[in-house]
Structure formats: structure tokens, C-alpha cells
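Protein chains in written order, with our numbering: chain V, 33 to 357; chain G, 33 to 357.
No wet-lab data here; the hints were simulated from the structure. Keep in mind that this is a model prediction, so the values were computed, not measured. Please note that a few of the clues may not be correct.
The list cannot tell twin chains apart, which means a pair is met if one copy fits it or any two copies do.
[Claimed, not checked] Derived pair list, reagent style SDA-like, types lysine to any residue, alpha-carbon separation capped at 20 Å:
1. Lys323 x Ala123
2. Lys301 x Arg55
3. Lys225 x Asp60
4. Lys135 x Asn357
5. Lys135 x Glu328
6. Lys255 x Leu114
7. Lys301 x Gly261
2 protein chains.
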Amino acid sequence: MTFDGIRDFIGEDLKKIEKLISRNFQSDVLLIPTIANYLIGAGGKKFRPMLLVLSSKLSGYSNGDRHILNSCIVELIHVATLLHDDVVDEALIRRGNPSVNKKWGNEASVLVGDYLFSKSLSLLALGDDSRITQSISFASQELAEGEIIGLVTKGNFDITEEEYMDIIYKKTASLISVSCKIGAILGNISTDKEKALTNFGLKIGIAYQLIDDVLDYTGDQEKLGKTIGLDFQRKKITLPLITLFQKVSADEKIKIQNLIFSHNNYMGKLKTLVEMMEHHNTIEYAMGKAKNYVEEAKKEMEIFDDSPYLVAILSLADHIIARKN
Amino acid sequence: MTFDGIRDFIGEDLKKIEKLISRNFQSDVLLIPTIANYLIGAGGKKFRPMLLVLSSKLSGYSNGDRHILNSCIVELIHVATLLHDDVVDEALIRRGNPSVNKKWGNEASVLVGDYLFSKSLSLLALGDDSRITQSISFASQELAEGEIIGLVTKGNFDITEEEYMDIIYKKTASLISVSCKIGAILGNISTDKEKALTNFGLKIGIAYQLIDDVLDYTGDQEKLGKTIGLDFQRKKITLPLITLFQKVSADEKIKIQNLIFSHNNYMGKLKTLVEMMEHHNTIEYAMGKAKNYVEEAKKEMEIFDDSPYLVAILSLADHIIARKN
Numbered sequence: 033m034t035f036d037g038i039r040d041f042i043g044e045d046l047k048k049i050e051k052l053i054s055r056n057f058q059s060d061v062l063l064i065p066t067i068a069n070y071l072i073g074a075g076g077k078k079f080r081p082m083l084l085v086l087s088s089k090l091s092g093y094s095n096g097d098r099h100i101l102n103s104c105i106v107e108l109i110h111v112a113t114l115l116h117d118d119v120v121d122e123a124l125i126r127r128g129n130p131s132v133n134k135k136w137g138n139e140a141s142v143l144v145g146d147y148l149f150s151k152s153l154s155l156l157a158l159g160d161d162s163r164i165t166q167s168i169s170f171a172s173q174e175l176a177e178g179e180i181i182g183l184v185t186k187g188n189f190d191i192t193e194e195e196y197m198d199i200i201y202k203k204t205a206s207l208i209s210v211s212c213k214i215g216a217i218l219g220n221i222s223t224d225k226e227k228a229l230t231n232f233g234l235k236i237g238i239a240y241q242l243i244d245d246v247l248d249y250t251g252d253q254e255k256l257g258k259t260i261g262l263d264f265q266r267k268k269i270t271l272p273l274i275t276l277f278q279k280v281s282a283d284e285k286i287k288i289q290n291l292i293f294s295h296n297n298y299m300g301k302l303k304t305l306v307e308m309m310e311h312h313n314t315i316e317y318a319m320g321k322a323k324n325y326v327e328e329a330k331k332e333m334e335i336f337d338d339s340p341y342l343v344a345i346l347s348l349a350d351h352i353i354a355r356k357n
Numbered sequence: 033m034t035f036d037g038i039r040d041f042i043g044e045d046l047k048k049i050e051k052l053i054s055r056n057f058q059s060d061v062l063l064i065p066t067i068a069n070y071l072i073g074a075g076g077k078k079f080r081p082m083l084l085v086l087s088s089k090l091s092g093y094s095n096g097d098r099h100i101l102n103s104c105i106v107e108l109i110h111v112a113t114l115l116h117d118d119v120v121d122e123a124l125i126r127r128g129n130p131s132v133n134k135k136w137g138n139e140a141s142v143l144v145g146d147y148l149f150s151k152s153l154s155l156l157a158l159g160d161d162s163r164i165t166q167s168i169s170f171a172s173q174e175l176a177e178g179e180i181i182g183l184v185t186k187g188n189f190d191i192t193e194e195e196y197m198d199i200i201y202k203k204t205a206s207l208i209s210v211s212c213k214i215g216a217i218l219g220n221i222s223t224d225k226e227k228a229l230t231n232f233g234l235k236i237g238i239a240y241q242l243i244d245d246v247l248d249y250t251g252d253q254e255k256l257g258k259t260i261g262l263d264f265q266r267k268k269i270t271l272p273l274i275t276l277f278q279k280v281s282a283d284e285k286i287k288i289q290n291l292i293f294s295h296n297n298y299m300g301k302l303k304t305l306v307e308m309m310e311h312h313n314t315i316e317y318a319m320g321k322a323k324n325y326v327e328e329a330k331k332e333m334e335i336f337d338d339s340p341y342l343v344a345i346l347s348l349a350d351h352i353i354a355r356k357n
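If we strip away everything but chain V, and leave its shape as in the complex, we get (with noise of 0.2 Å):
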């Protein structure tokens, strides 16, 4: 199934979905919603919402639009993470356009993103599910720390391949994974696939970041919609250059910190790493490695019958690895 073969499947539900977010961005403060529809406009894959419905019809959810509300939910704490994200990495561009904080400065990103989560807390609220809103709040926490993480090991050339592990893990692995676990919460099926589903998602969770940091080195900037070579200029240290750094030399590990610290030639130092991880297999093992989640995320989803619903929850996570944007 293609991706867009999978949109097409979902896409009632998919269509609820964005017109109940529309609904969550009205207010009478207008650059409340003129801000929203920017980013909504910019597009989106709405990846978590796509699993948190393939998880719930896979579940056999099908009394009832809870999925579409959670759904909401999930989508909304994403990009008010997003909107804090571009003002913590001083980004210029995102889904394409200007990004929030260059456009509207920095107050209206953090403020619209407390906005759009205080109002996932109300819509957990309406939905009124403990184990719901337990899963979620937790996977927040773990969100924020992940950030914080990430934060305070920027610059860290001797952060190692497990703490990278445990960042992306907790910035992006579990809203992932809890989108899918909702979707069996909802399906009410047993404790067993339950934890099949949210290991699935944890796995094409870490998957989906390790494929992003790959991008950020090897990406075409056009398909993107961002900027290329982010990282490393935000001394933002990902596994490609990981493990290049436990590949090289003393003396080139010194050299490739002097490249990452001085301020000239963005372009040619991109090009000149990017030819040493090359050189080093670094791209190819990370790659590898989210190859590997995919595989064993796929594996956990064969405790559940053969269904289209679930060929097009592997067919999703097959995408992770395809993906250029």
C-alpha cells in the first residue's frame, strides 16, 4: 500500500479529524487560529493520527468517534511541541513556509503552543478515559523530558549511542507509541496485543527519528520542506555523527569539532561531513538500525489476525524507512 494508498483508506475518518482540529483552532483571538491554519495549511502528515486509527479499527473499535477525538488530541500536543521546538532551535523554516517563530516571533510560538496544549488537556478532559488520559499525560512528560535531554547534551561530542537512544525514544517514540495504544485502549482487546501495539509503535517511533536525523544530512531541502544540515549547526549531535566520532581518530574527531564550531562555508562543511560518514558507514548503520526497528516493530504485530487494517498499519510503518520528507 502506498501512502497515499493508506490516506485514501482512513480518509473519512482522516477528514473528521482535521476538520475537528480546524474546529479547536476557532477562537476570537484571531492570531489564535490564523497562526493554526498556517501550520495546518503547511500540511502535515498526521502520522500519529493515521496510527491511532488504523490501531483502533484494528482493535475493532467501531462504536463510536473517540478515535477521532483522541486522534485530535495526540495531533495537538505534536505541533504545540513543534511550535516550542522552532523557538528552542531557532528555526527559519518548517513544512516548507516560514517557520511560526520567524513569522510571528518567538512570544506567539510559545504562547499558541501552551494554547494548543492547554486545549488537548480539555479535550482529554471531554473525553473523560483514565487510562486515556494516564497513557497520554505520561507520554508528555516523557515528550518534555526528552526535550530537556536533548537540550543539555547539545554540544556533547561524548554523548554515546545509548543516551541519543533514550532522547529520541522519549521526544518522539512515545507520543507515537501511546497513539497506537490508545487505539487498542479503545478496541478494549487483550492485555497481550495491547503491548504488541505500543511496542509497535515505540519501534517505528525510534525508527521514524533515527530516519529524521538521517535526513537531516542526506535530505533533498525541496521534498523536505526544511532546511538540511540543522543539526549539527544546532550542535545537536545524532547518531550518524555518533558514530562517526567512535570511527576516526583523535585527531579528526578534533577536526570534524573545529568544523562543527566555526561559523563559515555552511554548505561545504555539510558536504565535507556527509563524505566522511559516507566514508564510514555511519549513514548506512543508522539507516540499518531504523531498518531494524521496522522489522521487529512488524514482528510484535503478528500475535494479530490478517486484516486490511493491518497491511496498512505495516504498510505505514514500511513507509518510515522510504519516506524523503
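Chain V is already provided as a structure; the job is to place chain G on it using the hints.
Frame of chain V, contents of chain G only:
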């Protein structure tokens, strides 16, 4: 009852609350307890927890520690807001010490604020009381909305008293009001009494912010623990200035605007503005309005029988007017 007298009166509970807050600051990510303890070390009146505890006792709640948990939730949301406010306002000083954004950067303020907010969400989920969750989430949303209206009306010299009152209702009074309401919910009192406590909180919350805005012009920096004159420097048009505009000629209005938009002699400008405000009695007007709100708030409480808790919560309302910080 003096302010310290009220604190002593519920000292046991306040100690438990501070302990629980500290416990919720703990994290392997050292930056979190470091920043959080820095903020706690710098004091903070715990005004909202005091109100919540007194409201719960006044409502007859005595068989549990849910007032401790909920006080911690409300205070965490408040501190998270302060952290984000400081980024938006580019504050340099908070509670007498360098602000967190000044000391650790905007990124840390944004992310630790997010962490505290998500932590409060986790505690809410733990409490698992849908009426409380709904009330707090609605207040958080109003708070975020109030912050955004505050941002978009910055530098708008045509803001009306009504619009100003809407902002302070949302950004300050809603969380203070919900603190009182939660006490009522915990005590499971009659709808009338719950409404009275909620309105009491709303009215003293408005008075609280009115006084805050007055103190920004007339306060004693040392007692306040923060720089004064920040509002007009940040182009926040508060009541003393709004009513001044109504009283001066068109020419004088332009003179004041130029004064505010010019970039030099800050202390001189503050002195000039305060003199004009005193001449036109606009500070007196704002103070009078605050006093009226406190009196109206106290009237709401006539529905309650006399008790030491009633005396304490009414004294706390009076303190708002008398406070110097």
C-alpha cells in the same frame, strides 16, 4: 489575621504541598530539579495553594490529601506560566533573583515550563476526578488565551478598560478562581456555596492582578523582588495608563506615546508617568477598583457560617490590597 498568621494556620498542609512539589521536580535530568529548586528557593507566596487549602477546609473536606495533590497541580501550572511569561517579557529578574531565562536561556525556560505543565497533567490523571480535570483544563485554556490577548494588544494604546478586564480575568483570575472551586468540589458542598467560592476566587483574582499592575508603577523594587516600570517598557497597557489616556488631551496622549516608545532615561520616564497618573488619580482609580472587587468577593462569602477558615480566607482577600509584593 496577618499573612504570616494565615500561613501558620495551614502550615502543616503548606509543608506537605512544598514537599510534594519538590518531589515532582525530581528527575534524572539535572536541569529540571536545578531550575525548579532555584525557583522554589526564590520563594513564591503559594497564594493559589493557600486558597485551595482554605477553600477545601471551609467546605468541610477533611478525610484525605487530595487538597495537597491539587494544590501542587495548580502551583505547577502557575510556575510553568511564570517560566513562559519570562521568555515572552524578556524578564531579567524574578522573585529577587536573575530570571531563569536570563540564567539558563530561553530554551530552558520554555522546555522546563513544558515539563512542569506536563507533570501537572500527569498528577491530574492520577487524581482521576473528571470535574476537577475539566475545571483545571478549562482554566489553563483561558490562561493561555489571556496570555495571547495580552501579547496581541501590546502597544495598542486604544485598548479599552473592558478589554483589559477580560485579559486579567483570563490570565490571572481564572486559575485563582479554579483553586477555590476545587476546594469546594473536594468538600462536596452545595451548588450555591460552590458558586460563591468560585466567584470569590474570580473577584479576588481580578483584584490581585489590578494591584500587580499598580505595583508595577508604584512598588518598591526591593520588596517586590522585581524591577518596576516593566509594563510600559514592554508596551503592556494596564489600567493606570488606560484611564490616563481617557483623561488627557489628544496632544498629551501623543506625548505619552512618544515617551513610551522612546528608548532612553527609563527612570525619568517612569517618574513622569507616575506623576501624571497621580495628578489624574488613575492609580487611585485602579486601587479603588481592586478594593471594590475584594469587597464584592467578601460579600459572596456571606453564605458561609462563621469559622476560623472563613476568617482566614477573608483575611487573605484583604491582604491582596495591603500587599507590597
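Structure-based check of each hint:
1. Lys323 x Ala123: neither (28 Å within a copy, 46 Å between copies)
2. Lys301 x Arg55: Neither: 45 Å inside a chain and 45 Å across chains, both beyond 20 Å.
3. Lys225 x Asp60: Classified as neither: same-chain Cα gap 44 Å, cross-chain 31 Å, threshold 20 Å.
4. Lys135 x Asn357: neither (22 Å within a copy, 37 Å between copies)
5. Lys135 x Glu328: Result: close neither inside a copy nor across copies, 41 Å intra and 44 Å inter.
6. Lys255 x Leu114: Within one copy, since 19 Å is at most 20 Å while 39 Å is not.
7. Lys301 x Gly261: For Lys301 and Gly261, only the intra-copy Cα distance (9 Å) is at most 20 Å; the inter-copy one is 47 Å.
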